[in-house]
Amino acid sequence: MNSRSTMGGFDWVLILLYLVMVVFGWLNIFAAGFNSSFTHIFNMNTTYGNQAIWIIISFIAILTIIILDHKIYHFFAYFFYGAAMLLLLSVLVVGTEVNGAKSWIRFGGFTLQPSEFAKIGTCLALARYLSGYQITKFTLKTVSICAGIIGLPFF
Numbered sequence: 000m001n002s003r004s005t006m007g008g009f010d011w012v013l014i015l016l017y018l019v020m021v022v023f024g025w026l027n028i029f030a031a032g033f034n035s036s037f038t039h040i041f042n043m044n045t046t047y048g049n050q051a052i053w054i055i056i057s058f059i060a061i062l063t064i065i066i067l068d069h070k071i072y073h074f075f076a077y078f079f080y081g082a083a084m085l086l087l088l089s090v091l092v093v094g095t096e097v098n099g100a101k102s103w104i105r106f107g108g109f110t111l112q113p114s115e116f117a118k119i120g121t122c123l124a125l126a127r128y129l130s131g132y133q134i135t136k137f138t139l140k141t142v143s144i145c146a147g148i149i150g151l152p153f154f
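When the letters of the sequence shown are read in order and numbered with numbering that gives the first Met the number 0, they come out as residues 0 to 154.
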C-alpha cells in the first residue's frame with residue numbers, strides 16, 4: 000500500500016469503500032420500503048428507519064473499537080470468549096424463538112443473538128492463544144487447542 004492510502008495508520012480507501020457500500024445498501028432498503036406516510040428516515044416503524052439507527056450505532060461501536068488500546072482486547076479475550084459461551088448456554092434456558100429458530104434472547108424491547116458475540120469471542124480467544132507463543136510450526140497440541148477454541152461454540 001502506498002503511504003497516501005494509509006495516512007494515520009488507516010486504510011482510507013478501504014474505509015471509503017465500506018462507507019459507500021453501507022450508504023448504497025441503506026438506499027436500497029429505503030427504496031424497497033419507502034412509504035410516503037412516514038415523515039423522516041429515523042422512524043422506528045420502518046425497516047429503513049431501524050437500519051439507519053443501527054448504522055449510527057455501528058459507527059459509534061467501530062470508533063470505540065478503533066480508539067481503544069489493542070492490549071485491552073488481549074487482556075479480555077478469554078473473558079469475552081467465556082461470557083459468549085455462557086450466553087450461548089443461556090439460550091437453552093431463556094431463549095426466544097424467532098423465525099423458527101430458538102437462538103435469540105429477549106431483553107426488554109429488543110432481541111440479542113448470542114452467536115454473533117460467540118464469533119467475535121472465538122476470534123479474540125484464538126488470536127490471544129496464537130499470539131502467546133512463538134509458533135514456528137503447528138504441532139498436534141497447537142492444532143488441537145485451536146480446534147477446541149473454534150469447536151466449543153458448536154456444542
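Hint data in this document are derived by calculation from the structure and do not stem from the laboratory.
Wrong hints could be hidden among the right ones.
Think about it this way: if two alpha-carbon atoms lie no more than 25 Å apart in a straight line, the pair counts; the simulated DSS-like pairs of lysine-lysine are [as the list claims (entries may be wrong)]:
1. Lys70 to Lys118
2. Lys140 to Lys118
3. Lys118 to Lys101
Results for each hint:
1. The straight-line distance between the Cα atoms of Lys70 and Lys118 is roughly 20 Å, inside the 25 Å bound, and the hint therefore holds.
2. Between Lys140 and Lys118 the CA atoms are separated by roughly 23 Å; this keeps the pair inside 25 Å, and the hint holds.
3. Distance restraint check for Lys118 and Lys101: the Cα-Cα separation of roughly 18 Å lies within the 25 Å cut-off, and the hinted pair is therefore satisfied.
Checked against the numbered hints above, the structure breaks none of them.
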